[in-house]
Structure formats: C-alpha cells, structure tokens
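Trainee: The chain contents come next:
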Amino acid sequence: MSDRIEKSIELKAPVDRVWRALTDYREFGEWFRVNLEGPFVVGQQARGKITYAGYEHLVWTAQVAAIEPMRRFAFTWHPYGVDPDVDYSVEKPTLVEFTLTPTGEGTDLTIVESGFDAIPAHRRAEAFRMNEGGWTAQALNIQAHVKP
Amino acid sequence: MSNPDPLPLRADPAPVFAALGDRTRLALLTRLSDGQSRSISNLSASTALTRQAVSKHLRVLEGTGLVHSVRAGRESLYAFRPQAVREAQCYLDAVSAQWDEALARLKAFVEDPGGAL
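Just so you know, the sequences run in chain order A and B.
For the first sequence, the positions run 1 to 148 when my numbering is used.
For the second sequence, the positions run 1 to 117 when my numbering is used.
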C-alpha cells in the first residue's frame, strides 16, 4: 500500500485543450463542479462554492503550487475540507499534480495526489465519510461544454 | 440527487500512513507479515538495531494498530494486524474513486466537441 494516488488517462484532445480545461478557472469549474471566484495564480488561493448537486453550500479552496504551461499544474488542498467551523489552514494539505504529455492520439494526463500521511487523524475519518456520501452518486451522462 | 447512506465510520487510518513512512518500521512489518508472532529479541536478532530501538518502533506500530502484542510467559510476542492496512487502503480507494469520477467528467468535457454541459 502506498500513501499516494496515481492515475493516468488518455484524452482524445490536444494538449492545449486539456491544459485549458485544467487551468482556466471557468473550464476547471465546469467539470470539477466548483464555481471559482477567479483565475488560478501560483502562490495564491483558489476558492469557490462547490456546484456538485447536494453540496452547493460547501466552499472549495486550494493553494496553487505550480503552473507550467502545457506541462504541469499543481495545487495543495485539504481533501473533503468542508466543515465551515474548522480552520484547515493549520493542517498539512495533500499535493495534487497534473502532468500532461502529448501523444499521437491526444494527451496523456497523469494525476498524482500525495502527502496523505500528514493529515490529522480526526479529519481522515471525516474525509472518508464525506467521500462516500458525496461523490458516489455521480451520473456519467454528461455533455461537454465547449468555450467559443 | 439522493445521497446514498454513508458507510459506518472506519478506524482512522492517518497514523498508519505515518507509521509506514519509516523504513525501520516497514522492515519490521515485512518480517511480521508472514503471520508469525515474534518477540523483541527475535526481531532485533537479525538486524543492527538495539532491543531498545526495536521496542520503540513496535510501540509506535502498536499505537497505530498495525501490530498487537500478546504476553507469552515473561516476554511479549508481536503480531501483524492486517485490518489496519485494509482500513488505510479503503481511505485511499475512496479518494481514488473520487478522482476517477472527476477525470471521467474531464474526459467528457475535453473530448465532446458539441453540446452544453
């Protein structure tokens, strides 16, 4: 068992299309289901209300760690950091890194989430519970949105 | 959207990750993972570690539920508890599943040339 999550997915879209979907804050919000207040800026916090049905009252925040055009986008966050009464800033967040590689078919996207061992105990149990209630009902009948 | 019933709260896996992050502890667990109970003497014997060091690491492992101890006469025998690893793995699986769903939405978003989200 490893303390990190790593996934790769092949996307049939060019690198610049995928890059935009990740790093344009409006496009990111479309598929991630969050209404971000403004653009991603390295070193700054990104913030917005979750638009995922049933969780609209929750605020999503992340600290942008890296924006390397067409290559790497990274942020730190607190998985399931959704309790408005808790100050998550005192906890060590996990790091999420997206890396893009062009292929003949489109783009290989790899996502790595690491740093789970630094999450305090009580938050881990909550995170597990939130995940089971919040994300397993996702309907996959989604139509893509294309920006003009 | 209806929320499925949340699963019962699992034992907290956070300390497990931290405990596994130490090479010595990982080595001790690897030895214990064959299911055999072993004493501190036995665990120290084939390593360069002192009894004290092994004992210290076993205490951390016991505190996280990765091992448990049973007294056998004058000494304690330590055994691996796979449940702790399974629970930590469940947490990672849950986070992983969430990313699977998010990536599926991203894939649909970038690959579909038409229509509104």
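Be careful, since some hints might not be right.
Claimed, not checked - Just a sample of chain A residues kept apart from chain B, beta carbon distances all over 12 Å, derived:
1. S8
2. V41
3. G43
4. T107
To be verified - Label pairs and their computed distance ranges (CB to CB):
5. B:D112 x A:H57: 14 to 20 Å
6. A:K7 x B:A48: 36 to 42 Å
7. B:A97 x A:T51: 55 to 61 Å
Hints in this document: simulated from the structure, not taken from any laboratory.
Quantities reported herein were computed from a predicted structural model and do not represent experimental measurements.
A virtual CB, placed ideally from N, CA and C, is assigned to each residue, including glycine.
Trainee: May I ask you to check that A:T107 keeps its beta-carbon over 12 Å from the closest beta-carbon of chain B?
Mentor: Since the minimum Cβ distance to chain B is about 8 Å, A:T107 lies within 12 Å and the statement is violated.
Trainee: Are all C-beta atoms of chain B more than 12 Å from that of A:V41?
Mentor: holds (21 Å)
Trainee: Tell me if the beta carbons of A:K7 and B:A48 are separated by a distance inside 36 to 42 Å.
Mentor: holds (39 Å)
Trainee: Closest CB-CB distance from A:G43 to chain B, is it above 12 Å?
Mentor: Holds, because the least Cβ-Cβ distance between A:G43 and chain B comes to about 24 Å, which exceeds 12 Å.
Trainee: Measuring Cβ to Cβ, find out whether A:S8 lies farther than 12 Å from everything in chain B.
Mentor: violated (10 Å)
Trainee: Is the distance from the Cβ of B:D112 to the Cβ of A:H57 consistent with 14 to 20 Å?
Mentor: At roughly 29 Å between Cβ atoms, A:H57 and B:D112 fall outside 14 to 20 Å, so the hint is violated.
Trainee: Taking 55 to 61 Å as the hint, is the beta-carbon distance of B:A97 and A:T51 inside that range?
Mentor: violated (20 Å)
In summary, the numbered hints that this structure violates are 1, 4, 5 and 7.
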